[in-house]
Amino acid sequence: MIARRGNPYMERSALRVTLIPVLSVLAGSAMALVPVIATEPIVPPFGLMMLLAWRLLRPEIWPVWAALPLGLADDLMSGHYLGTAMILWTVAFLVLEWVDQLLLWREGWIEWAIAAVALPALGVGAWALSQPGDSHTSVLTILPQTIGAVLLFPAILRLTAALDTWRLKR
Amino acid sequence: MAAPRHRRRGFSRRVQYGLFAGYVIAISGILLGAALLLVARLDPRAFGTLRGVVVDAGALFTGIGRVGVEGLHGAGDSISAYVEAGSQNEALKRELARERRAVIAAKVIAAENIRLKKLARLAEHLPAPILSARLIGSTPTGQRRFATLSAGTSEGVRPGMTVRSAEGLVGRVYESGIFASRVLLLTDGETAVPVKITRSGQAALATGQGDGTMEVRALIAGGSPFRRGDLVVTSGTGGVYTPNTPVAVVTTVRGDRAVARPLADPARADFAAVFPIFQAPVADLPSQPKP
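Order-wise, the sequence lines are chains C and D. Start counting the first sequence at 1258; every next residue gets the next number (our numbering). Start counting the second sequence at 267; every next residue gets the next number (our numbering).
So here's chain D without its partners, still in its complex pose (with noise of 0.2 Å):
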């Protein structure tokens, strides 16, 4: 097929002026839209309203999605529970008999945690969580890591609180609708978390890869503190993020830098704890000065 010609100006001057306009119109369009970007980049929060508003509408439809796939999770889950059902019975059993012992040393220790912080009057101020919300979507065609949370400034969630599920760190609040919001994946590339690894106490900071994946770098250079299945914790510096958080576990060691998994995984995390940002104690008060 001969390819249709189209565009041709011929000698109407409508036709003309009307094809000019259009190039002018995309061309300022273009200029519009790098101004636009100038702006997210001087500003992320820029336009906070209209983002919300589309963050509200989008949590609509995926809300009522979201019903059904939950269904077909479960439906695979309890068909392939009746055919493992024997096998699996034996393992749990023998699981619940490892897990009660341990349970029952971790009382010991934290009752001997808290006699010891009681000991050494060491006050700590956890927040505790503003509310609870569902997970209900994501943005699995852009570039950048955002799960949607069904929770909105109503109910006082706002930019820059902390989520998390059961097993760990899910990520930052980003941005907030009425009734929904945009939450900052742990594997986004902006994310930037400060850890520690439980085994050595080193502090090291976790950025996102955008890959399901994080990296781990120490933040003192040289030697190999990374070993494969390291639990990498929150260590608080700085604020935001609560201390002793689990964030992820390290699967590859690479040098000085390791990849990491988080351990919340979000598509399975049903509810989420949102926490407002927390803030380090100041250790002593500075005396007043005497008169």
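Excised from the complex, chain C in its bound form (with noise of 0.2 Å):
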């Protein structure tokens, strides 16, 4: 925060800075589009375990609305209705404001427990939005992925880390 603008030893890409944790989300989203025709639900809802991993690892580059365009392009990829992920990502960011507040103590398995938390959640909660009114999908349909979510979110996280020190380097 010291003296950023005119040193040379602290200059960085703006552009770099500001559009990785972005981008790699929007890139999570576009998992949507490989090149599979599923009958059933089986891959990991990526963009919104990126988003969850940024947003553990640097509270503080994330507005609260952010959420919200990030959600629109979800929806917009995944074919969902529009608004079903706005709502969510955004409610979850303001459950985690609160989280942040009430945990004193951060570690990766904390940071676990709250991806395993919160992704069955809202799992849950785009099965409830995105389903016409005459459905018959019955809510195990997101098992698996949801399974397959929280396995990998410590990977996930690794990869935001790296994300974000190569975002920072110098």
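Don't read these hints as lab results, they were simulated from the structure. Ideal Cβ positions, reconstructed from N, Cα and C, are used throughout, including at glycine. You may find that some hints are simply not true.
One-sided and incomplete, this derived list gives chain D residues near chain C with beta-carbon spacing under 7 Å [unchecked claim]:
id: 1; residue: Thr328
id: 2; residue: Gly403
id: 3; residue: Pro406
id: 4; residue: Thr407
id: 5; residue: Thr473
Dock chain one against chain two, each of which comes alone in its own frame, and use the hints as you go.
Now the structure itself:
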């Protein structure tokens, strides 16, 4: 924060610093475009996982409303009704603000535990909001991708941390 | 590590107002999202242009990747074909002989069918397919079951049209961009197809369950109308779907309901044909009243 401007040793490209978190979340959402044709949801929600990992790692770079446009992009790519991820992700951000005040200690295990609660909760939320009125889809269809998402989350945290060091490298 | 204390308001008015504005925008964004969801409930085709543009943009990426995936599929298939060549050859020869006899029988039946239809003066207005296009992708992360078709409004594909492959019914066009469109698969919860059982002719309704299967319910309650292995085809009731298109095979029977697996596997189907909406022919035109 001190003497960032005018000091050649502290200068970073502002574009890289701000854009990398956003672009990596969008790339995660774009995993919905992988060219496999699935008759059941099998690919974990990578966009949400990237966003959670960034939010847990760097809470200070995200304003609370940042989840709105990212959620809109995810809705458009995943074919859900517009508003599904917008609502759920913003609610998750507000809840995380409260969790930040609550927790006095942070560790990799705690972040995994937060994600292990958040991912199933948001999965059930997405199921509830995206189904048409007379749908017969069971809530259990989200089980495979949610288990995969929770198990993969530490790897996503690592990836985010690597991206973060590259982002802040001078 | 102690938790980072961000969002510390301190004495700076600027920081305080900034944080407060963030919460206000977030809450109003949630309300906006709720309004968007309500619009989607009332009019599922809302924001069609925006969604169409995203379908088009996504199809560009997916189409390129699809080539690689198909190459991998092909390589695996040809390796296993070499391994099983000898035994497969024998089995295929036997199968070919059996199929030949079946084809001859089928030709006789087809000829007889034409003759009988002429006798009964039954005219069928079955629609011809508009075009064939590739199924290039799907939405594997979402809770809805969509596939992406590489044809859009520029080729005349409109929402509501039915899509089928060589094996059977695939689904309906849900929304279309200019050169790509989304197909609502049979397994989606929104799908409801009026069907009949080929064995008994019993009318039923097949709905998607979101997990790769469909639920078949008889229109008449009671009894046990389904058996394992029953073939389910469209009945053409109410229009939309052309009659006698294969839909699914019953895999499990639970009382007067059954779970069926769709015949057309969209992951295997290279090409799918798009059909216009079927309209059942009027049996007898009403006679003009005499003046």
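Handout entry: Interface restraint verdict for D:Gly403 against chain C (beta-carbon cut-off 7 Å)
Key = 5 Å, holds
Practice task
Using Cβ atoms only, decide whether D:Thr328 comes closer than 7 Å to chain C, and label the hint accordingly.
Solution key: 5 Å, holds
Problem - Hinted contact D:Thr473 with chain C - closest CB pair below 7 Å - result: Since chain C brings a Cβ to about 5 Å from D:Thr473, closer than 7 Å, the hint holds.
Exercise for the section: Using 7 Å as the Cβ threshold, decide whether D:Thr407 counts as touching chain C. Expected result: Constraint on D:Thr407 satisfied, holds at 5 Å.
Problem - Proposed interface contact between D:Pro406 and chain C, which counts if any beta carbon pair is under 7 Å - result: For D:Pro406, the interface hint holds, since the closest Cβ of chain C sits about 4 Å away, which is under 7 Å.
Violated hints: none; the structure is consistent with every hint.
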